[in-house]
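Undergrad: Start from the sequences and build out the full structure, keeping to the hints where you can.
In the order they appear, the protein sequences are chains A and B. In terms of the working numbering, the first sequence is residues 1 to 115. In terms of the working numbering, the second sequence is residues 1 to 114.
Hint data in this document are derived by calculation from the structure and do not stem from the laboratory. Some clues are possibly wrong.
No farther apart than 20 angstroms at their CA atoms in a straight line, the calculated lysine to any residue pairs in the SDA-like style are these [what the hints assert, rightly or not]:
1. K107/A with E59/B
2. K107/A with L39/B
3. K58/A with L18/A
4. K107/A with T86/B
5. K58/A with I97/B
6. K107/A with D38/B
7. K57/B with P75/B
8. K58/A with S98/B
9. K57/B with L78/B
10. K57/B with S3/A
11. K107/A with E88/A
12. K107/A with G40/B
13. K107/A with V60/B
14. K57/B with Q2/A
15. K107/A with R44/B
16. K58/A with Q96/B
17. K107/A with V88/B
18. K57/B with D73/B
19. K57/B with A69/B
20. K107/A with Q85/B
21. K107/A with R110/B
22. K57/B with A1/A
23. K107/A with G58/B
24. K58/A with N24/A
25. K57/B with G98/A
26. K107/A with T104/B
27. K107/A with P40/A
28. K57/B with D95/A
29. K68/A with Q2/A
30. K69/A with Q2/A
31. K107/A with A107/B
32. K57/B with A100/A
Since the model is a prediction, treat every value here as computed from it, not as a measurement.
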Amino acid sequence: AQSVTQLGSHVSVSEGALVLLRCNYSSSVPPYLFWYVQYPNQGLQLLLKYTSAATLVKGINGFEAEFKKSETSFHLTKPSAHMSDAAEYFCAVADSGGGADGLTFGKGTHLIIQP
Amino acid sequence: TAGITQAPTSQILAAGRSMTLRCTQDMRHNAMYWYRQDLGLGLRLIHYSNTAGTTGKGEVPDGYSVSRANTDDFPLTLASAVPSQTSVYFCASSEQISGANVLTFGAGSRLTVL
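TA: See the structure below:
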């Protein structure tokens, strides 16, 4: 069974600083990987996904993530944080079926942006 | 496009009572899901349905039931609510993009069981 570990339940960065949210996965097969964002009192929105087409994946709002098989990681980055990036971020994994039976989510990382 | 509509938005329920959370999608997606979100635990899959007429159990199915009579609707029923079912419930549907099932989520239903 696949699993996801997000390091750090809370991450605080200054506005304009680099954002780095960590995600490590466990899967017995080549995975599909996702990052979702949740703003307060809203559902989750897809930021980006990895489907083996390219290891560096660009998403919305200036975010990107790099798939590193040797490290079983899929960390999310953004060069310059904006106040509007404050939200909860979830990493998720699907197996070779692509997630037809559902995605497995990490516990989430709350991103705090300091002015 | 409405996407996923969930109702009610929030509800307070007495323990032992039954409750059905409604979920409707207008995207004609075959697959649908119910997750619960709890602080510090992330999202956990309750039940899913790959297509109308079929359902499957997720990670935390006990105390919940679902049905999928048609493509658009996927209600979640709590037959006899308990306080541990206090949570925010999210319905989602998915479409396949490059082999991956990309989920679209509703806005959630906040349930408090007293």
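Undergrad: Hints first: check each against the structure and report whether it holds.
TA: Now the hints, each set against the structure:
At most 20 angstroms may separate the alpha-carbon atoms for a hinted pair to count; K107/A and E59/B meet this at roughly 14 angstroms. Pair hint K107/A plus L39/B holds up; C-alpha atoms about 8 angstroms apart against a cutoff of 20 angstroms. With a CA separation close to 16 angstroms, the supplied pair K58/A and L18/A stays within the 20 angstroms bound. Pair hint K107/A plus T86/B holds up; C-alpha atoms about 18 angstroms apart against a cutoff of 20 angstroms.
Between K58/A and I97/B, the direct Cα distance comes to roughly 15 angstroms. Compliance with the 20 angstroms bound is thereby established for this hinted pair. Using a Cα cut-off of 20 angstroms, the hinted pair K107/A and D38/B holds, with the two alpha carbons roughly 9 angstroms apart. Note on K57/B and P75/B: the hinted pairing holds, with a Cα-Cα distance of about 14 angstroms set against a maximum of 20 angstroms. Under the criterion of a C-alpha separation no larger than 20 angstroms, the hint pairing K58/A with S98/B is consistent with the structure, at around 15 angstroms.
As the CA atoms of K57/B and L78/B are separated by approximately 15 angstroms, the hinted pair is consistent with the 20 angstroms bound. For the hint linking K57/B to S3/A, the alpha-carbon distance of about 17 angstroms falls within 20 angstroms, and the restraint holds. Our distance criterion of 20 angstroms between C-alpha atoms is met by K107/A and E88/A, whose separation comes to about 10 angstroms. For the proposed pair K107/A and G40/B, the alpha carbon gap of about 6 angstroms is at most 20 angstroms, so the pair holds.
Our distance criterion of 20 angstroms between C-alpha atoms is met by K107/A and V60/B, whose separation comes to about 15 angstroms. With a CA separation close to 16 angstroms, the supplied pair K57/B and Q2/A stays within the 20 angstroms bound. This hinted pair checks out: K107/A and R44/B have alpha carbons roughly 9 angstroms apart, not beyond 20 angstroms. Only pairs whose Cα atoms come within 20 angstroms are accepted, and K58/A paired with Q96/B is accepted, the gap being roughly 19 angstroms.
Restraint check for K107/A and V88/B: the C-alpha separation of about 14 angstroms stays at or below 20 angstroms, so the hint holds. Restraint check: the Cα-Cα separation between K57/B and D73/B comes to about 17 angstroms, which is no more than 20 angstroms; the hinted pair holds. Distance check on the hinted pair: K57/B and A69/B sit about 17 angstroms apart at the alpha-carbon level, within 20 angstroms; holds. Of the pairs offered as hints, the one joining K107/A and Q85/B holds, with about 18 angstroms between alpha carbons and a cut-off of 20 angstroms not exceeded.
A distance of roughly 18 angstroms separates the Cα atoms of K107/A and R110/B; the hinted pair therefore holds under the 20 angstroms criterion. Our distance criterion of 20 angstroms between C-alpha atoms is met by K57/B and A1/A, whose separation comes to about 15 angstroms. With a C-alpha separation of about 17 angstroms, the suggested pairing of K107/A with G58/B holds against the 20 angstroms cut-off. This hinted pair checks out: K58/A and N24/A have alpha carbons roughly 18 angstroms apart, not beyond 20 angstroms.
Taken as a hint, the K57/B and G98/A pair is honoured in the structure, with Cα atoms around 17 angstroms apart against an allowance of 20 angstroms. A hinted pair counts as satisfied when its Cα atoms are at most 20 angstroms apart, and K107/A with T104/B qualifies at roughly 19 angstroms. Between K107/A and P40/A, the direct Cα distance comes to roughly 16 angstroms. Compliance with the 20 angstroms bound is thereby established for this hinted pair. For the given pair, K57/B sits about 16 angstroms from D95/A by alpha-carbon distance, which is consistent with the 20 angstroms threshold.
With a C-alpha separation of about 16 angstroms, the suggested pair K68/A and Q2/A falls inside the 20 angstroms cut-off, and the hint holds. This hinted pair checks out: K69/A and Q2/A have alpha carbons roughly 14 angstroms apart, not beyond 20 angstroms. For the proposed pair K107/A and A107/B, the alpha carbon gap of about 19 angstroms is at most 20 angstroms, so the pair holds. With a C-alpha separation of about 13 angstroms, the suggested pair K57/B and A100/A falls inside the 20 angstroms cut-off, and the hint holds.
Checked against the numbered hints above, the structure breaks none of them.
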